[in-house]
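Student: Sequence:
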Amino acid sequence: MGWHMFMRYQSQRALALLREGTGRPDAEFREGQEHAIRHVVEDGGRLLVVQKTGWGKSFVYFIATKLLRESGAGPALLISPLLALMRNQIAAAERMGVKAVRIASDNQQDRGGVEEQLRRDEVDILLITPERLKDQRFGEEVLARIADRIALFVIDEAHCISDWGHDFRPDYRRIGRTIKDLPPNLRLLATTATANNRVMEDLGQVLGPHLEVQRGGLARPLLLLQTIRLPRQVERLAWLAEQVPKLRGHGIIYTLTVRDAHQVAAWLQFRGIQAEAYTGRTSNDRCEELEQALLDNRIKALVATTALGMGFDKPDLGFVIHHQSPASVVHYYQQVGRAGRALDAAYGVLLSGEEEAGIANYFIHSAFPIPAEVQQVVDALEGAPDGLSISELLGKVNMSRGRIDKTMALLSLESPAPIVKKGGKWQLTAVNLSADFWERAERLTRLRRDEQRQMQEYVELQSGHMEFLIRALDGDPGAVRLPNLPILPTRAAPSPKQDAVAFLQRTSLLIEPRKQWPAGGLSGYRVWGNIPAQHRAEPGKALCTWGDAGWGEIVRRGKHQDDQFADELVRACVNLMAGWSPSPSPQWVTCIPSQRRPNPVPDFAARLARQLGLPFHQVLHKAEARPEQKRMANSTQQARNVDGSLVVSGESLSRSPVLLVDDMVDSRWTLTVAAWLLRSHGSGKVWPLALALTNDRR
4 MGWHMFMRYQ SQRALALLRE GTGRPDAEFR EGQEHAIRHV VEDGGRLLVV QKTGWGKSFV
64 YFIATKLLRE SGAGPALLIS PLLALMRNQI AAAERMGVKA VRIASDNQQD RGGVEEQLRR
124 DEVDILLITP ERLKDQRFGE EVLARIADRI ALFVIDEAHC ISDWGHDFRP DYRRIGRTIK
184 DLPPNLRLLA TTATANNRVM EDLGQVLGPH LEVQRGGLAR PLLLLQTIRL PRQVERLAWL
244 AEQVPKLRGH GIIYTLTVRD AHQVAAWLQF RGIQAEAYTG RTSNDRCEEL EQALLDNRIK
304 ALVATTALGM GFDKPDLGFV IHHQSPASVV HYYQQVGRAG RALDAAYGVL LSGEEEAGIA
364 NYFIHSAFPI PAEVQQVVDA LEGAPDGLSI SELLGKVNMS RGRIDKTMAL LSLESPAPIV
424 KKGGKWQLTA VNLSADFWER AERLTRLRRD EQRQMQEYVE LQSGHMEFLI RALDGDPGAV
484 RLPNLPILPT RAAPSPKQDA VAFLQRTSLL IEPRKQWPAG GLSGYRVWGN IPAQHRAEPG
544 KALCTWGDAG WGEIVRRGKH QDDQFADELV RACVNLMAGW SPSPSPQWVT CIPSQRRPNP
604 VPDFAARLAR QLGLPFHQVL HKAEARPEQK RMANSTQQAR NVDGSLVVSG ESLSRSPVLL
664 VDDMVDSRWT LTVAAWLLRS HGSGKVWPLA LALTNDRR
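Numbering (the working numbering), first residue to last: 4 to 701.
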């Protein structure tokens with residue numbers, strides 16, 4: 004077969020594969036797709052594809068893989084941040100006859116089989132997350148054995164490599180090192196939907212040399228963008244209840260936090276709208292069910308965090324609504340761009356709320372450790388020549404688990420690294436942390452602040468939304484055409500707002516009992532390991548979340564302004580108890596004591612007891628003053644802060660069930676210790692009741 008005939012065959016074969024993958028016999032390549040495939044397969048070069056969401060980047064690397072395999076080449080290696088969300092793409096690959104397998108944290112039991120298939124050359128493309136590159140066994144047992152046979156190295160969501168990117172993932176930095184260890188003539192394909200000029204320059208440094216860039220247009224003429232400022236949560240809930248049923252088709256409602264996703268979904272369900280929550284804490288099986296339900300138009304909307312993002316593809320989404328502003332314009336462009344790919348028009352609506360600034364500030368603040376935190380870790384490791392596990396570090400440093408994990412990950416990725424993990428323990432090396440680390444942290448923090456300000460500029464726009472987004476991504480907006488859709492109302496009617504307040508006031512939150520003492524136990528009480536069932540608290544209830552619409556603001560006012568909780572909170576808790584009906588029911592009431600504010604909680608508990616027709620006995624007392632729990636940054640520190648601080652008075656306790664009242668619950672250690680003390684002194688079952696949960700909004 005001559006070269007030209009071979010090229011014609013390859014082109015025809017690529018188109019046939021596209022049609023098999025899409026399931027459409029009339030499918031044609033989008034502009035740039037075939038060029039990208041040919042560049043990788045025929046020219047063997049390095050290519051960065053920057054194309055908007057829905058363009059079909061996955062078809063490029065799956066078709067290229069199939070063509071290379073059919074010509075006798077080895078397997079492809081694909082690095083993607085969220086393999087669990089690639090179900091659509093893998094299904095399309097299977098239709099094309101591409102054997103795609105993955106090694107991920109949720110399929111460890113299949114790992115031996117995958118490795119055996121690789122040894123027998125039965126795998127067309129291996130999918131891994133960037134975190135897999137730090138697995139020594141993977142490097143030695145898998146990657147090293149196929150390194151000289153890898154036909155194509157694919158990096159999905161490549162913007163994550165760049166610390167200039169909106170979604171920088173530290174483990175993506177390992178990719179540059181991996182590329183250096185692979186053959187220099189390796190075919191390489193990097194794809195992303197969101198890369199401005201700074202990110203592309205950064206990628207050129209990591210993925211080069213001779214990296215060609217294919218960049219498509221950013222305009223989405225079928226998407227009507229609108230921003231609506233509704234500061235209060237009840238206003239946004241009311242707006243959603245009014246407008247979502249009127250919107251054509253099905254869509255996604257994005258929230259910034261897991262808690263908000265569940266709350267918004269519950270509210271829409273209460274209003275008779277088919278909606279479900281989808282978050283990073285949703286099980287993989289449930290995620291797959293929910294994705295399919297939306298794909299099949301069996302639900303009106305998924306209320307989702309960013310967990311529903313990369314990898315999910317429904318071309319006929321009629322709307323994408325944001326319950327709060329994302330952290331950056333780039334985040335927003337990527338998420339809202341999921342709507343209207345195969346429709347004549349769709350809505351992209353951003354509802355801006357007052358809490359979003361605080362949430363954004365939290366994530367910006369938590370992105371990097373501060374010098375004092377790094378010093379805490381270094382001091383702890385210096386005192387432990389054999390190293391410390393994360394659970395041991397939690398007992399030695401006053402940092403949250405998340406901040407410790409982030410600190411260890413970032414420090415270990417420095418080159419050379421000041422810490423190293425051996426077995427399950429972290430140890431210091433002879434290397435000091437370079438000044439470059441702190442310069443980068445300061446630079447990226449400033450960048451995130453700039454992105455936050457830019458997002459607020461977008462919120463204030465009255466028009467020109469798409470042009471703004473395109474310029475923010477360093478694109479040329481040209482003449483943006485708007486779809487023929489009416490602008491949506493910018494206010495909600497009073498009636499649904501009242502209903503939203505009533506809904507929030509009727510909603511209670513579960514307080515899960517702790518079942519284990521912290522690592523190392525509590526020396527003051529001489530307890531460790533599992534908490535025996537007969538000494539645990541029962542599942543409890545909280546009236547609301549601290550500061551939220553509904554009861555949250557009233558609780559805040561009672562604690563910090565009035566020094567007394569309002570009678571309406573007593574009535575609300577009476578109603579909560581009636582709906583809860585714990586069994587066996589409490590026969591008396593007690594409360595958590597406080598030395599800083601000794602009156603509000605006992606006063607509230609006594610009034611609640613009178614309304615319930617139960618006796619109140621204050622049997623728990625503070626043995627000594629301790630710092631406020633909110634100053635303790637992790638669960639272990641919070642547990643140790645309670646250790647030995649509570650005692651039970653000498654009077655004989657009733658052996659009947661008791662209602663244990665507190666104003667706010669965060670770590671649950673105070674309730675855990677109090678319940679253990681009460682049960683140890685002979686009380687019946689302990690049912691916790693709190694006015695508010697104070698844990699963060701993530």
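Hint data in this document are derived by calculation from the structure and do not stem from the laboratory.
Treat the hints loosely; a few may be bogus.
Straight-line Cα separation of at most 20 Å, SDA-like style, residue types lysine to any residue; simulated pairs [said to hold, decoys possible]:
#1 K633 with R560
#2 K625 with N578
#3 K249 with A496
Keep in mind it's a predicted model, so treat the numbers as computed, not measured.
Student: All the hints need checking, so say for each whether the structure fits it.
Tutor: Going through the hints against the structure:
| no. | hint | verdict |
| --- | --- | --- |
| 1 | K633 with R560 | holds (18 Å) |
| 2 | K625 with N578 | violated (30 Å) |
| 3 | K249 with A496 | holds (15 Å) |
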